[in-house]
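**Student:** All chains, please: the whole structure from these sequences, using the hints.
Chains as they are written, first to last, in our numbering: chain L, 1 to 387; chain Y, 388 to 479.
You may find that some hints are simply not true.
[To be verified] Partial list, computed: chain L residues near chain Y (C-beta under 8 Å): (1) Leu33; (2) Val35; (3) Gly40; (4) His99; (5) Asp103; (6) Ala113; (7) Trp117; (8) Asp118; (9) Pro314.
[Stated by the list, open to error] Pairwise CB distance ranges (calculated): (10) Pro232/L to Arg462/Y: 27 to 35 Å; (11) Gln428/Y to Gly293/L: 33 to 41 Å; (12) Lys221/L to Arg405/Y: 28 to 36 Å.
[What the hints assert, rightly or not] Over 12 Å on every C-beta distance to chain Y, these chain L residues come out as not near it, computed from the model: (13) Pro326; (14) Gln338; (15) Tyr352.
What the hints contain is simulated information worked out from the structure, not anything from laboratory work. Backbone N, C-alpha and C define an ideal beta-carbon position, used for all residues, glycine too.
Here is what each chain is made of, one letter per residue.
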Amino acid sequence: MNMAVELKATSKSAHLTPEQTEAFGRRIEEIRLEVMKDLGEKDSKYIYKVRNFVRYTEIASRGMLMFGGWIPPVWLLGTAMLGVSKIVENMELGHNVMHGQFDWLNDPTLNGATYDWDTVCTGEDWKYTHNYKHHTYTNVFGMDHDISGYGVMRMSREQKWEPRFLFNVPMGFVLSTGFEWLLALQRLEMEKVLFDGTKTWKEVYVESKNLRKKMVRQFGKDYVLFPLIAGPMFLPVLAGNFFANLIRNYWASTVIYCGHFTEDSEIITDNIDNETKAEWYLRQIRGSANFTGGKIMHFLSGNLSHQIEHHLFPDVPANRYQEMAPKVREVCAEFGQQYNTAPFGSQILSVYKRLAVHSLPDNVVDRLVATKRTFVDAVKGMFGKVA
Amino acid sequence: MPVQIEQSNEAQPIIFRRSQQNFLATTTLLSSAEQAGLRPQHGCRMGVCNQCTCTKVSGVTQNILTGEIDDQPNRAIKLCVNQALSPVTIDL
Numbered sequence: 001m002n003m004a005v006e007l008k009a010t011s012k013s014a015h016l017t018p019e020q021t022e023a024f025g026r027r028i029e030e031i032r033l034e035v036m037k038d039l040g041e042k043d044s045k046y047i048y049k050v051r052n053f054v055r056y057t058e059i060a061s062r063g064m065l066m067f068g069g070w071i072p073p074v075w076l077l078g079t080a081m082l083g084v085s086k087i088v089e090n091m092e093l094g095h096n097v098m099h100g101q102f103d104w105l106n107d108p109t110l111n112g113a114t115y116d117w118d119t120v121c122t123g124e125d126w127k128y129t130h131n132y133k134h135h136t137y138t139n140v141f142g143m144d145h146d147i148s149g150y151g152v153m154r155m156s157r158e159q160k161w162e163p164r165f166l167f168n169v170p171m172g173f174v175l176s177t178g179f180e181w182l183l184a185l186q187r188l189e190m191e192k193v194l195f196d197g198t199k200t201w202k203e204v205y206v207e208s209k210n211l212r213k214k215m216v217r218q219f220g221k222d223y224v225l226f227p228l229i230a231g232p233m234f235l236p237v238l239a240g241n242f243f244a245n246l247i248r249n250y251w252a253s254t255v256i257y258c259g260h261f262t263e264d265s266e267i268i269t270d271n272i273d274n275e276t277k278a279e280w281y282l283r284q285i286r287g288s289a290n291f292t293g294g295k296i297m298h299f300l301s302g303n304l305s306h307q308i309e310h311h312l313f314p315d316v317p318a319n320r321y322q323e324m325a326p327k328v329r330e331v332c333a334e335f336g337q338q339y340n341t342a343p344f345g346s347q348i349l350s351v352y353k354r355l356a357v358h359s360l361p362d363n364v365v366d367r368l369v370a371t372k373r374t375f376v377d378a379v380k381g382m383f384g385k386v387a
Numbered sequence: 388m389p390v391q392i393e394q395s396n397e398a399q400p401i402i403f404r405r406s407q408q409n410f411l412a413t414t415t416l417l418s419s420a421e422q423a424g425l426r427p428q429h430g431c432r433m434g435v436c437n438q439c440t441c442t443k444v445s446g447v448t449q450n451i452l453t454g455e456i457d458d459q460p461n462r463a464i465k466l467c468v469n470q471a472l473s474p475v476t477i478d479l
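**Tutor:** In structure tokens form, the structure reads like this:
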């Protein structure tokens, strides 16, 4: 069956016939091939520059905290810089390298299969939950754990309403605060133990073997080793590391929420067993959202400001998404497909609006919408009389 | 959705070096290995997720999505979208 041509009534994209869908897929494929043939020194230089940025900012910021942590402005600068260093390591270096975007360099230190990043989540778990589950089954209800609000938020009417979803909006902030832990624990699917009883704590314990090792390493590095070697600067270093991790958590989660949680990101409920590659492309576009911004914004978001391009081409080096975006947008326009993009602020507002709407039972939302409509009509009527 | 090919030109002998396994490949390296009773790590089966990527020690392989032929030793390849054009040794 051609799932990608099935559309919800609310969709802002045009219906495509199977032939149109295949033509669309070929055009997207051309954009990819053009870039893949052009990969070379420019891209290699770029990724090494990113890695040097991560290294030097980390050394500088940890140095500042260690030697000048008692001077408030130095502490602030060191903490902020360490936060930025971690952001770039996670988003523009680690995330992209683990997608295998730079495997062609044949550099074992930038190999997607072995790279591990500066966060609690293990590279191996990440490649399962993110690279495999999320990227293959993007926005497919019941298959993509992300779009079910990571099991703890309600993102669409497909999820049954439960009283716990009244806390949808505060939950969004809570997940942001502990975002690295959310990613780390995602594969264990502990909501299955807590809410539906389809899993036991024992299974969770067995599955978390590698994660426990990584937890000790990450915790030991930021909260034991670096504070201890700082001697008298123990407390400023400890606090600096804590807040740097927090800065990274807030930024990374906010960028990631914008990728698939905006109001127009469609949930797919069809069977996708016989999906073609072209239909897969179409689904990626309907389920993802970009945000606009300058070069610094693209860099700090690990080019996830180009979420649509990232989902079409997860193994194309992310520094190329900027040049691919206008071409993808053009093809979308030609085939009447919505290319979801807006400034960062409006996208994140749209995410929290979606969370708020789905925190209430559907019938309550419907009644509120109806009441609002009658109210607006009544006001319009009144002013109509006055005029 | 998984990438499938009917049959390659010829069956090629494949060696998984670390696990000391030999088998003949007629389809993608991943499906051929599975047909031979091996279970290499994998995910999407369509060249997206990078979970089955491993090092090809020697031999010629072709990426069936792009048609790209790779004859260089010690290169990272995805088992799910590559087929062998010559005898191939893999570091698995």
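**Student:** For each hint given before, does the structure comply? Return the numbers of the non-compliant ones in rising order.
**Tutor:** 2, 3, 7, 8 and 10
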